[in-house]
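All chains should be built: construct the whole structure from the sequences, respecting the hints.
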Amino acid sequence: MKRTKDLRSLYSEKVMEHFQNPRNVGEMESPDGIGHVGNPVCGDIMELYIKVRDDIIIDAKFKTFGCGAAIATSSMVTEMVKGKTIEQALKISNKAVAEALDGLPPIKMHCSALAEEALKLAIEDYLAKSKRKEE
Amino acid sequence: MRRIYLDYAATTPTHPLVLKAMLPWFTDGFGNPSSIHSFGQEANGAIEEAREKVAQLIGAKGNEIVFTGSGTEADNFAIKGVAYAKEHEGKHIITTAIEHHAVIETCKFLEKRGFNVTYLSVDRDGLVDLGEVKKAITDETILISVMHANNEIGTIEPIQEIARITKDREICFHTDAVQTVGHLPVDVDELKVDLVSISAHKFCGPKGVGALYIRKGTKIVPFMHGGEQEHGRRASTQNVPGIVGFGKACQLAQQEMGQEKERLETLRDKLIKGILNRIDHVHLNGHPTQRLPNNVNISLEFVEGESILLNLDLMGIAASTGSACSSSVLEASHVLLALGLPHESAHSSLRLSLGQETTEKDVDYVLEKLPQIVNKLRTMSPLYKPGKK
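As you go down the protein sequences, you meet chains A and B in turn.
Mapped onto this note's numbering, the consecutive letters of the first sequence carry residue numbers 1 to 135.
Mapped onto this note's numbering, the consecutive letters of the second sequence carry residue numbers 1 to 389.
Calculated from the structure, these hints are not laboratory results.
Each statement offered as a hint is correct.
Not the full set, but computed from the structure, chain A residues with beta-carbon under 10 Å of chain B:
1. LEU10
2. MET16
3. GLY26
4. HIS36
5. GLY38
6. ASN39
7. ILE45
8. PHE62
9. LYS63
10. PHE65
11. GLY68
12. ALA70
13. ILE71
14. SER74
A virtual CB, placed ideally from N, CA and C, is assigned to each residue, including glycine.
And the structure:
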């Protein structure tokens, strides 16, 4: 009998690679911005932390409760934002995250939307905090 | 890589002897069982022989068995068939909140057609309360449908006791026994049920064939209209090889059931105990003792079901979850939520269902790998705060 290799019919190799070896896992000590999204009802919860120096995101970390796609998109988005300016980071769309993972199944696209939202919230949090500092 | 299948509640491999019994009916025995000639009569004879075997397994008579295309079809047939046959007597149906979709969705369909349906709640172990059943019955009640055992959490319902309540009334009693027939003794007279849904592929029979037991005298309208097959109750040319395989599976189940039940219960309990001992923040879903011999359902707090499944699959272990992320709907399992589990716990559920090829070595392998997976995922989880209860 012909067997489809593992789970590749569900997820791309890249998704599975990030799922198995997620980058930037963990909490961050004194982050400059935190984004918290998701809710227990839908089963995905993401926390994204960023460190910013001179308008550039120098580090990003995450913690995620969720499916394979949720973990892989968290991992990917933290990789993508590192070294970006705030302005560049704000332009990262959920589509871009999904594309960087060689695509997601249609029913999993909401996971990439969650990653985008977490990033936006972390940046907003950073901007709000730095504004307060200025004042 | 080693592959361990622990999803027997989803489906089972067809037994080699079942397959052997089926094969001649694809080729030499290809005749249409409705035909008068010898080709047809041979096929018809094979069906009737299988019907007797199915009947025997559940203590019924052959003419009370109608072959269907699946367990789902049997559920649809039972519920719609009785609803339409008795709608002039009343339009109230009682079922439970933890039924299989085949029952729940059929009831929802009937609600749109003017029937009233009561979905009984269950307790934390998944048991239906007899007092609730009594309270729900009205003069309008025509049908009660309660599953024999739940497919997700394994809880076995008190069917006999519920039947006692309906016995004196003109209420038809259906049980979806897809998870129990072939695994546990099921006797229609002992259970005092009028209708029983059965599926062949859940106990080493082929897919695409099931049966509905219909007690003599039960008012029910045909499921499909057309020819006179199945005494006019389910038109369409019978799936002869499938039905023959179904009969063989029933025969094998009857021979092996007792021993196999004990063997599985031992493995099941070892697996449950092992998981509870090795991993913290874990709880068993379903009744601790009144449960299917092969069912383990646990919630592994702070980690999500699909990510557990993917990791298990990478290690060659096939299992199942009640988390929404594993399906196209974004709601966790209606069964787990009906137990009163918070959404996080429902999303953290893992079902391991054992079967005839499961060995103690397999259980040990799971007990070795699962804690590693849970640890890895917990380090990623924002819900997990080590040290906190």
